[in-house]
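Novice: Protein chains in written order, with this note's numbering: chain R, 299 to 609; chain H, 299 to 609.
Keep in mind the hints are simulated off the structure, nothing from the lab. There could be a bad hint or two in this list.
Because identical chains share one entry, a pair is satisfied inside a single copy or across any pair of copies.
Stated by the list, open to error - In the DSS-like style, the derived pairs of lysine-lysine whose C-alpha atoms are separated by at most 30 Å in a straight line are:
1) 323 / 580
2) 337 / 495
3) 371 / 586
2 protein chains.
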Amino acid sequence: MNLEQKLQEGNKRAVARLITLVENKDPAAFELLKKLHNKTGNAYVIGITGPPGAGKSTLTDKLVKAYLNEGKKVAVIAIDPTSPFTGGAILGDRVRMNDLSTHENVFIRSMGARGSLGGISEGTSAAIKVLDIYGADYIFVETVGVGQSEIDIVKNCDTTVMVMVPGLGDDIQAIKAGIMEIGDVFAINKADREGAKKTAREIDAMLDYNSNEWRPPLTMTVAVNNEGIGDLVDSIKEHRDYMQESGLFETRRINNTKNEIVELIKHRVLEHIFDNAYNEEKINNLSKEVVKRITDPYTVCEDIMHNIKRK
Amino acid sequence: MNLEQKLQEGNKRAVARLITLVENKDPAAFELLKKLHNKTGNAYVIGITGPPGAGKSTLTDKLVKAYLNEGKKVAVIAIDPTSPFTGGAILGDRVRMNDLSTHENVFIRSMGARGSLGGISEGTSAAIKVLDIYGADYIFVETVGVGQSEIDIVKNCDTTVMVMVPGLGDDIQAIKAGIMEIGDVFAINKADREGAKKTAREIDAMLDYNSNEWRPPLTMTVAVNNEGIGDLVDSIKEHRDYMQESGLFETRRINNTKNEIVELIKHRVLEHIFDNAYNEEKINNLSKEVVKRITDPYTVCEDIMHNIKRK
Chain R
299 MNLEQKLQEG
309 NKRAVARLIT
319 LVENKDPAAF
329 ELLKKLHNKT
339 GNAYVIGITG
349 PPGAGKSTLT
359 DKLVKAYLNE
369 GKKVAVIAID
379 PTSPFTGGAI
389 LGDRVRMNDL
399 STHENVFIRS
409 MGARGSLGGI
419 SEGTSAAIKV
429 LDIYGADYIF
439 VETVGVGQSE
449 IDIVKNCDTT
459 VMVMVPGLGD
469 DIQAIKAGIM
479 EIGDVFAINK
489 ADREGAKKTA
499 REIDAMLDYN
509 SNEWRPPLTM
519 TVAVNNEGIG
529 DLVDSIKEHR
539 DYMQESGLFE
549 TRRINNTKNE
559 IVELIKHRVL
569 EHIFDNAYNE
579 EKINNLSKEV
589 VKRITDPYTV
599 CEDIMHNIKR
609 K
Chain H
299 MNLEQKLQEG
309 NKRAVARLIT
319 LVENKDPAAF
329 ELLKKLHNKT
339 GNAYVIGITG
349 PPGAGKSTLT
359 DKLVKAYLNE
369 GKKVAVIAID
379 PTSPFTGGAI
389 LGDRVRMNDL
399 STHENVFIRS
409 MGARGSLGGI
419 SEGTSAAIKV
429 LDIYGADYIF
439 VETVGVGQSE
449 IDIVKNCDTT
459 VMVMVPGLGD
469 DIQAIKAGIM
479 EIGDVFAINK
489 ADREGAKKTA
499 REIDAMLDYN
509 SNEWRPPLTM
519 TVAVNNEGIG
529 DLVDSIKEHR
539 DYMQESGLFE
549 TRRINNTKNE
559 IVELIKHRVL
569 EHIFDNAYNE
579 EKINNLSKEV
589 VKRITDPYTV
599 CEDIMHNIKR
609 K
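Chain R extracted, bound-state conformation (with noise of 0.2 Å):
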């Protein structure tokens, strides 16, 4: 039996292997991929962010058991973007999921950054798509931090859950960008420590900011015990039914595969300039004329340019 047929039939070692092909670039995982993509679309993508130690992974962990608990067929995927690593269970938080990763309804899997040129967001994506077809529920998209790749891995979730703690202090203020752009639904975890009142309450007033219909909601929990978690799933399904009743789902579907499109060009054709047209020790010796003041970076760009076109 071959890993098409055996990925249809929820055969989680084929997701395994098909995911580490794509990490791989391997060719024929795309052809797969782009064979089976009439069969994708029907998991819901389910973004998990937040600065470090806002206690994402025990978060997940228990928003992944309550929809076991309906019945559903669930995915996970860790994301570290500055991880070299990948694959299984790596990342050390991952251990406390070992629980988890043996039901026979969740699928669990690690990535890490491969290669120089990015393509985490792609790998990704491509993720995303092996485990709709495997024929997960629902897929969650966890991230380690809360910088611009993590605000690019989000760009392929349809509901993303913000998770703050208390105790940021003024970074809060410096995060406030970036999380308000990104975050559909918010959760302070941690809500028994000190300060979750008054990092709410700052949230809160950042939120009267959004000027978009949908108003994000805000929960309170403390994942380690189970509190918050009910009310956590209340407020996604409460922002899927309002994207799916408004239409706004779809829109954001085309715009995530448009980041996706644009993404898969960049790093096609990043690796089209730096694999065929300039090899590393050409790049080096310029490097080291512009350290000598020979010449300048700006100028060694221009002629690179230059060549690449006349090629």
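The hints should help you fit chain H onto chain R, whose structure is shown.
Specialist: Just chain H now, with coordinates in the frame of chain R:
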């Protein structure tokens, strides 16, 4: 008197103006940076990075004061890749630095992400050059988070200080690979908090796996009380001396330049493709077809690549 002269005379308004021109991708600004490239290379560039809530701004504030007391000229670039805002004191936490920004030997600037094709790393490189020409002895580059964008940003620096904080929990494991890659000097700030010793032990254990000759020193700081700042200044100096004596200083500057050139080419090529070859509407329509499952993202990407090559 023109911008070029004013800049070299250390006029702060000229510095601010030129950084704005660089952010706006004004060709005249890059022509000026080309011309004055032989005036660069004198400033020492220090990256300050770490997770949100670690107190990086306060720590930077104290380090700036320490160098001012040595009679040095200091500049700070505070970068938030998730923020679309730029310039002035827009980031809330920069307000704390107001007493510094009026000091004649200090220049402070916030930078956000401009444009959807990235370029924050490119903007940082250019701003560093401007401040170098202006005559800064030390340039601090402070990031908001700790993700791939932040790693790209500190690849412009000579010494990178990784600021950690107690209470990160299991996420410390997840960010491990990222912080090991870029930290030359470690500070555990808010070291008067519970769990500081545990965090120190965990990071110390991580540093044991470091295979480089240089073993990053670890300093405990309470920036808000000015505790441990002297030790941190000493650690930075120690790293600087090591790099210069071992010849790694020049190697790193060559590598940083290489990164800069690669980033420049990436952005210029992408601008070329998305500005000229493909307009937004075309990609929008193709995205709709993907969502309707008429085609798939990989086929769309291949078709576009084919068209680009034919032109």
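Novice: Each of the hints needs a verdict: does it hold here or not?
Specialist: We went through each hint and held it up to the structure:
1. 323 / 580: both (26 Å within a copy, 27 Å between copies)
2. 337 / 495: neither (45 Å within a copy, 52 Å between copies)
3. 371 / 586: between (54 Å within a copy, 28 Å between copies)
Of the numbered hints stated above, the single one contradicted by the structure is hint 2.
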